[in-house]
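> Here is what each chain is made of, one letter per residue.
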Amino acid sequence: MNSFTYTRATAVDAAVREKSAASSVRFVAGGTNLLDLMKENIERPTRLVDINHLPLKTIDGTPDGGLRLGALATNADTAWHAEVQRRYPLLSQAILAGASPQLRNMATNGGNLLQRTRCYYFYDLTTPCNKREPGSGCSAIGGYNRVCGVLGTSESCIATHPSDMCVALAALDATVQVTGKNGERTVRFADFHRLPEDQPQFDNTLAPDEIVTAIDLPNEDFSQHFSYLKLRDRTSYAFALVSVAAALQLDGTTIRDARLALGGVAHKPWRDAAAEDLLKGQPATEETFRKAATAVVQQAKGYGHNTFKIELAKRAIVRALKQAAEGTQTATDVFLNSNP
Amino acid sequence: MTKQTTQAPLGSPAIALPPTSVVTLKINGEERQLHIAPWTTLLDALREYLDLTGTKKGCDHGQCGACTVLVDGRRINSCLTLAVMQEGADITTIEGLGTEQNLHPLQQAFIDHDAFQCGYCTPGQICSAAALLTEGKAKTTAEIRELMSGNVCRCGAYTNIVAAIEEVLTTQKVQRHE
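As they're listed, the protein sequences go chains A and B. Those letters in the first sequence? Residues 1 to 340, by the UniProt record's numbering. Those letters in the second sequence? Residues 1 to 178, by the UniProt record's numbering.
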């Protein structure tokens with residue numbers, strides 16, 4: 001780790017002011033990703049602003065009947081929160097599918113959104129990486145890219161966003177509350193993270209002088225028919241090769257509303273509205289699910305080692321939608337993400 | 001390979017480095033004052049400055065769980081937090097869980113079930129398991145395995161680790177109903 005100074009922020013506006021003082025200032029909350037990156041010399045902040053004492057830890061109802069998750073509420077507190085489990089079990093399940101109990105106790109909701117990719121080359125300082133060092137090249141293209149993305153990739157970056165939580169938040173149509181020097185704004189979840197294009201150094205659309213204060217979940221009910229299916233190299237404590245957040249609202253056997261988002265395949269949580277449209281109004285059958293799955297991967301591009309992800313994603317989507325339709329996943333057994 | 005040296009404690013001249021600051025930590029019920037640089041992790045503070053070497057440094061990247069300690073009763077990876085960030089918190093390490101004369105039930109169960117070989121991961125396993133018990137989420141063997149996934153054992157003592165935890169979990173359940 002490089003040397004840095006440390007301060008503690010006690011108010012959001014003061015924290016924003018400190019952050020905007022220099023580009024080398026970083027907020028630290030849980031620290032689970034930032035400290036790791038600092039040990040690897042990928043992040044070299046000159047100043048750390050500890051935001052853990054800001055009053056952003058609560059989980060409360062919103063005036064429109066939704067739920068507001070404080071940016072500093074931990075992933076564990078969020079996943080085990082009674083209202084989250086009852087009304088948004090898909091989110092609870094996705095969070096509990098990620099990391100370990102220790103990390104979930106530390107990691108915050110805001111930090112989860114802002115975590116960096118785990119692409120091997122991003123972590124390997126001896127290799128070119130456009131995300132780490134813009135303009136240096138992408139070592140994953142043509143390299144060992146088994147964990148990399150197959151959707152929305154660019155010639156400059158094929159890294160994936162590693163979060164499970166964010167895949168569920170994308171499916172649930174969450175919004176992100178942000179405060180900056182110029183006041184507050186609300187960002188649709190789909191607009192929060194971005195595709196790499198020719199600027200993969202930017203993971204998201206948060207400005208340097210902004211801070212995430214909360215994540216809002218809308219007043220919608222996807223608590224009966226949902227599935228977070230995570231496929232990985234071991235059954236626990238590993239990043240997704242492919243994950244699927246599927247949620248349905250059914251009228252009998254007809255799909256009234258559908259949500260479908262993927263993790264492990266793109267630079268951002270990959271929600272596919274066109275595929276959702278293919279599900280709406282259709283019977284909840286395997287044939288319908290296959291059509292949606294085929295649509296999702298239509299534009300997918302494999303890079304060799306990761307080409308298997310295209311077929312894997314297709315099959316995972318069908319399975320997750322089947323699980324969702326059957327309503328076999330329940331809020332009480334969400335943390336046994338054993339992929340039935 | 002270059003050997004890593006420990007950051008010098010206060011009093012030693014540190015050239016071109018920001019000054020150390022006084023950090024007060026409450027560890028195993030005792031307040032301890034430290035003069036450390038801000039980049040000192042809680043893990044390094046425990047091991048290098050407080051002689052609490054029960055907490056182990058395995059990967060130092062939050063992947064192995066050997067450094068697991070309890071902060072306000074919750075298990076965390078002490079390698080991924082700065083000591084200065086834990087001022088005011090109640091920290092419990094393996095040294096605070098039990099003594100040789102009065103072992104924590106988990107420590108006794110690990111001995112009874114031969115739940116370790118080299119023992120390096122054991123303090124982290126036991127701290128993690130202690131939190132698992134108070135969290136009250138794990139009720140089955142499969143759930144114990146899932147909620148202990150943050151602690152890796154290279155000797156592969158998993159079967160006995162799970163058996164040890166399960167025994168304490170079952171005993172506690174019985175005691176609660178008595």
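Please note: incorrect hints may appear among the correct ones.
[Said to hold, decoys possible] From the structure, some residues in chain A lie toward chain B, with a derived Cβ separation under 7 Å: (1) Q102; (2) N105; (3) S236; (4) Y237.
[Said to hold, decoys possible] Straight-line alpha carbon distances no greater than 27 Å define the calculated DSSO-like cross-link-like pairs of lysine-lysine that follow: (5) K26/B / K57/A; (6) K26/B / K39/A; (7) K57/B / K39/A; (8) K173/B / K57/A.
In case anyone wonders, no lab produced these hints; they're calculated from the structure. No experiment lies behind these values; they were computed from the predicted model shown. Every residue, glycine too, gets a C-beta built ideally from N, C-alpha and C.
> With reference to the structure, classify each hint as holding or not holding.
Right, here's what the structure says about each hint:
The beta carbon of Q102/A comes within 5 Å of a beta carbon in chain B, closer than 7 Å, and the hint placing it at the interface holds. At a threshold of 7 Å, the smallest CB-CB gap from N105/A to chain B is about 5 Å, leaving the interface hint in force. Using the Cβ-Cβ criterion of 7 Å, the hint placing S236/A at the interface with chain B is satisfied: the shortest such distance is roughly 4 Å. A cut of 7 Å between beta carbons decides the hint on Y237/A: the least distance to chain B is about 4 Å, and the hint holds.
Distance hint between K26/B and K57/A is fulfilled; the C-alpha atoms sit about 23 Å from each other, no more than 27 Å. For the hint linking K26/B to K39/A, the alpha-carbon distance of about 25 Å falls within 27 Å, and the restraint holds. With a CA separation close to 14 Å, the supplied pair K57/B and K39/A stays within the 27 Å bound. Straight-line distance between C-alpha atoms of K173/B and K57/A comes to about 32 Å, which puts the hinted pair past the 27 Å bound.
When each numbered hint is compared with the structure, a violation occurs for hint 8 only.
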